[in-house]
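Asker: Each chain is listed here by its residues.
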Amino acid sequence: MTVVHGPRPTAVPTRRLLPRTLALLAVLLASVVLAVGLGSVFIPPGEVLGALWRGLLSLGSSAELSGNDVIVWQIRLPRVVMGLVVGACLSVCGGAFQGVFRSPLADPYLLGVASGGALGATVGIVAGWPRSSIPLSALAFALAAVGTTLALSREGRRFPPTRLILAGVVVGSVLSAFTTFLILRGEDRARQVLAYTLGDLGFSGWRDVVTVLPYAVVGCGVLMALARALDTLQLGDLTARSLGVPVERLRLLVVVAASAATAAAVAYVGIIGFVGLVVPHLVRLVWGAGHRVLLPISALAGAALLVLADLLSRTTILSQVGVVTTLLGGPFFLWLLARGRSD
Amino acid sequence: MKTAFVSTILTAVLALSASASATTYPISITDDLGRKVTLKAEPKRVISVLPSTTETLCAIGACDKLVGIDDYSDFPQQVTKLPKVGGLYNPNIEAIVALKPDVVIVSQYGKLAEPLTQAGITVIAINPETYDEVFSKTLLLGRLVNREAQAKALVLKMRQDIARIEILTKNVVKKPTAYYEIDPTPYSIGPNSFMGVLLTKAGARNIIPASMGDFPKVDPEFIVKANPQLILGVDAKTVAARAGWNTTAAVKSGRVLSLPAGLDTILSRPGPRLPAALRGLAKLVHPELFR
Chain A
1 MTVVHGPRPT AVPTRRLLPR TLALLAVLLA SVVLAVGLGS VFIPPGEVLG
51 ALWRGLLSLG SSAELSGNDV IVWQIRLPRV VMGLVVGACL SVCGGAFQGV
101 FRSPLADPYL LGVASGGALG ATVGIVAGWP RSSIPLSALA FALAAVGTTL
151 ALSREGRRFP PTRLILAGVV VGSVLSAFTT FLILRGEDRA RQVLAYTLGD
201 LGFSGWRDVV TVLPYAVVGC GVLMALARAL DTLQLGDLTA RSLGVPVERL
251 RLLVVVAASA ATAAAVAYVG IIGFVGLVVP HLVRLVWGAG HRVLLPISAL
301 AGAALLVLAD LLSRTTILSQ VGVVTTLLGG PFFLWLLARG RSD
Chain W
1001 MKTAFVSTIL TAVLALSASA SATTYPISIT DDLGRKVTLK AEPKRVISVL
1051 PSTTETLCAI GACDKLVGID DYSDFPQQVT KLPKVGGLYN PNIEAIVALK
1101 PDVVIVSQYG KLAEPLTQAG ITVIAINPET YDEVFSKTLL LGRLVNREAQ
1151 AKALVLKMRQ DIARIEILTK NVVKKPTAYY EIDPTPYSIG PNSFMGVLLT
1201 KAGARNIIPA SMGDFPKVDP EFIVKANPQL ILGVDAKTVA ARAGWNTTAA
1251 VKSGRVLSLP AGLDTILSRP GPRLPAALRG LAKLVHPELF R
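If you read the protein sequences in the order shown, they are chains A and W. The first sequence runs 1 to 343 under my numbering. The second sequence runs 1001 to 1291 under my numbering.
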């Protein structure tokens, strides 16, 4: 056997993992049920179920939905699914970035994806492009931003983490300066840009979900497949290399996979902050730091957090999902942190 | 007929009394930033940093007092040659100071007031936000620049023009329910906002209730549920691409209208072109009345 077993620095016994995971699954299920059942328009539970059923039937036929069925099937459900996908995706990418850079401050936006996406969207909004082309512009700019970061930080065939982080910060700042410049030039559209920057799931339809899903599945799939190598990497580059982990290739693969997934998410729902940074930490406190558990559990927790946050954003005056994720996740994280200290 | 007669008399009365009512300086007012400001004498050199203020000043015969305007002021034609001093949020303070204005009229937004006051320049913040404030602030500007009679006459003329349109729209039997999108986030307008009042006066029934506020961010499912008969401020293609919106009455009957470029501008300026804005809006809501 030459398989390298990753260390589990804060290993949690398996018998204690299961109840916690079941509890998380229950929370996730409850959030989905609540999010599909509630909204700015009240629809009785029976009707919601009927709408879901008729929606499923309409997939095969050309039957037209009407009334509340349209709201549940074409507006609310895709929004919830988009929340699940993006929440899971951001959290997995955040966890992988924190692992690959061995930095607790890393989040999926570290290498300039968000600033690139924001600039792409702002260019489109200020230039008055049709709304449907804004995500494409955001996606192109987001990927170009990460490409630039990679190109700038390259040292021969290596991508040293410190250089990557520094290049990412600089690329992000420069792009943000361009965005600010454009916002000031096109003053009357400032709110649109701001709303995008704070993240919004409002107009996510099935078509958007289907567009984002492949990026998310492939990106997060690759990251989860690399979990064992990420565990080994926590011992340091040298040790990992001596244990047979191709450190440079691993780093590049994680960056590319996470960035592609994040770029797609940012392009379609804007920059939803905090989820990718805090969910992995939260999961680490409860489930331990091994990436084979951390990444899948982060996906579940992130999905639940974003769906709940979006539900609050459309039913309360906190109308931006990014604001809610922070207000919801922040105190909970601090509570966990304080609890951990007293143990 | 009766309204027209009464207003003619009013105009005459006002014109008579106007000659007697010159502003006496110094004049002190509390501006929209809540500051007490005093003008010692009639201002001869005025800078306006708000397009609607520029329009109002010109409409009350004070255009020749303007020595500088913001980047967005572009009406009437004669102001376009004046020096530009930047915008509210990126003002060129040095240029403003160099123009040696007697008074700079700003809005309550932006942060021009403090640096200019420190530079020894009189700054007054005036920006109408509600429908009624358009008239009261016009009168206030008239007093400040010694054009009180002209301001009164302008307000009267505006009210007349608006009444002429309202006579048509008020008695329409079928008033369409309408959703007015001010930006595709989507944000809309409440019935008590400046544009909301105009929408109602144009003969539409706003789907946004007053309880949602003046500029609410709206959940798309709320709009689909409200099923408006008219969608304004966004083009048909964008609306058709939104999930579920093709079930609304507006889309089915092809009543999704983006605003013509000129109308968009005057609707966003609470100034003397208010009647023109209302007329443009009423034409969109009730084309049958304006054949």
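Hints may contain errors.
Unchecked claim - Per label pair, the in silico range of CB-to-CB distance:
1) W:Ile-1093 <-> A:Ala-151: 28 to 34 Å
2) A:Glu-64 <-> W:Cys-1063: 56 to 62 Å
3) W:Lys-1111 <-> A:Glu-64: 32 to 38 Å
4) W:Pro-1287 <-> A:Thr-211: 36 to 42 Å
Worth flagging that the hints you see were computed from the coordinates, not collected in a lab. All values derive from a computational prediction rather than experimental measurement. We put the CB at the ideal spot given by N, CA and C, even for glycine.
Asker: Determine for every hint whether it applies to the structure shown.
Answerer: Here is how each hint holds up against the structure:
1. W:Ile-1093 <-> A:Ala-151: 28 to 34 Å: violated, 40 Å
2. A:Glu-64 <-> W:Cys-1063: 56 to 62 Å: holds, 58 Å
3. W:Lys-1111 <-> A:Glu-64: 32 to 38 Å: violated, 53 Å
4. W:Pro-1287 <-> A:Thr-211: 36 to 42 Å: For A:Thr-211 against W:Pro-1287, whose Cβ atoms are near 38 Å apart, the range 36 to 42 Å holds.
The earlier numbered hints that this structure contradicts are 1, 3.
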